[in-house]
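> Sequence:
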Amino acid sequence: MTSTVRMTGDPAEFKVIAFPFLQGDPVLNSMLISNVQGRIDGLMYDPAPPVFLSVHDDDRVVGVVICTALRGVLLGDLAEDLIPVVLPALAESVPDAKYIEGTTTVAEPFAARYADQLGRQLTDDRVTRLHRLADFVPQHADGSPRRATEDDVDDVARMIAGFGEDTSGRLGVEEEQRWARGRIGAGQLWLWENDGRTVCMAGQHGPVFGADRIGPVYTPPADRGHGYGSALTAYLTRRILDGGNQACLYTDLANPTSNKIYARIGYRPVTDFVRYRFS
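If you're matching positions, the sequence shown starts at 624 in our numbering and goes up one per residue.
Mixed in with the good hints, there may be bad ones.
Stated by the list, open to error - Simulated restraints on C-beta separations:
1. Asn817 to Asp865: 21 to 31 Å
2. Ala635 to Asp875: 30 to 40 Å
3. Ile663 to Val750: 21 to 31 Å
What the hints assert, rightly or not - Here are the computed lysine to aspartate or glutamate pairs in the EDC-like style, where the Cα-Cα straight-line distance is at most 20 Å:
4. Lys721 to Asp739
5. Lys721 to Asp669
6. Lys721 to Glu798
7. Lys638 to Asp682
8. Lys721 to Glu731
9. Lys638 to Asp664
10. Lys638 to Asp700
Derived by calculation from the structure, the hints in this document are not laboratory data. Every residue, glycine too, gets a C-beta built ideally from N, C-alpha and C.
Hey, can you work out the whole structure from these sequences and the hints?
Have a look at this one:
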């Protein structure tokens with residue numbers, strides 16, 4: 624059987640093609656699903672047109688990849704033996720990707736072959752771990768949660784800037800404001816308040832195919848060590864469970880504190896994702 628590649632720049636068209644395939648493992652594919660849905664909902668801004676790629680055996684989807692200007696190449700549920708099928712099309716349509724990210728089993732060989740074909744240098748940039756809730760353990764802290772409102776745009780923009788500085792880099796002032804307004808408007812952001820101050824922020828993406836991902840979670844440095852992030856994450860986890868959905872989230876393996884915090888709530892590792900950066 625010969626595999627074929629189809630490409631589109633329309634996230635709504637790609638959703639129709641790819642989401643039935645991604646539904647097979649909504650936790651593993653949660654990042655890719657939210658990136659597509661976020662563009663359909665107008666929550667994500669692309670300075671250059673995105674590329675959405677699907678691999679087909681006859682009429683059956685067997686793999687997916689997306690590429691955006693800010694995030695680079697995000698490998699979805701892609702078997703390693705499909706790399707030779709995807710690579711030529713991707714190298715031709717996206718020869719200047721900044722990053723390639725995927726599970727460790729497929730991202731490493733894919734990035735190496737992409738770099739070799741285009742004569743580019745790469746380095747491993749970041750490793751994250753996907754977690755799924757196993758057994759929920761409530762967490763508590765002084766203060767209480769509330770959903771973010773339009774009055775919180777500036778505070779949220781500052782916190783997503785801080786999150787970027789701690790992780791993969793800032794979006795830029797204009798895009799941070801846009802991100803804050805969009806996520807608040809969609810009802811996806813929650814805050815933890817103590818003594819009238821906002822001390823933590825967390826996102827809840829909303830359920831898709833029975834899975835709901837939490838993130839980003841950010842506590843400003845001056846407010847860390849009081850359990851605010853744990854309490855807010857646990858609160859959102861409880862909301863997800865009450866809605867009858869699976870809870871999942873990502874952690875940065877370079878941050879052992881966050882990995883311990885989420886383990887206490889009851890999250891357990893699913894798999895690791897690695898991001899490669901091209902010079």
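> Each hint should be assessed against the structure and marked as holding or not.
Structure-based check of each hint:
no.	hint	result
1	Asn817 to Asp865: 21 to 31 Å	holds (24 Å)
2	Ala635 to Asp875: 30 to 40 Å	holds (31 Å)
3	Ile663 to Val750: 21 to 31 Å	holds (29 Å)
4	Lys721 to Asp739	holds (15 Å)
5	Lys721 to Asp669	holds (14 Å)
6	Lys721 to Glu798	holds (18 Å)
7	Lys638 to Asp682	holds (15 Å)
8	Lys721 to Glu731	holds (15 Å)
9	Lys638 to Asp664	holds (12 Å)
10	Lys638 to Asp700	holds (15 Å)
Going through the hint list in order, the structure satisfies each hint without exception.
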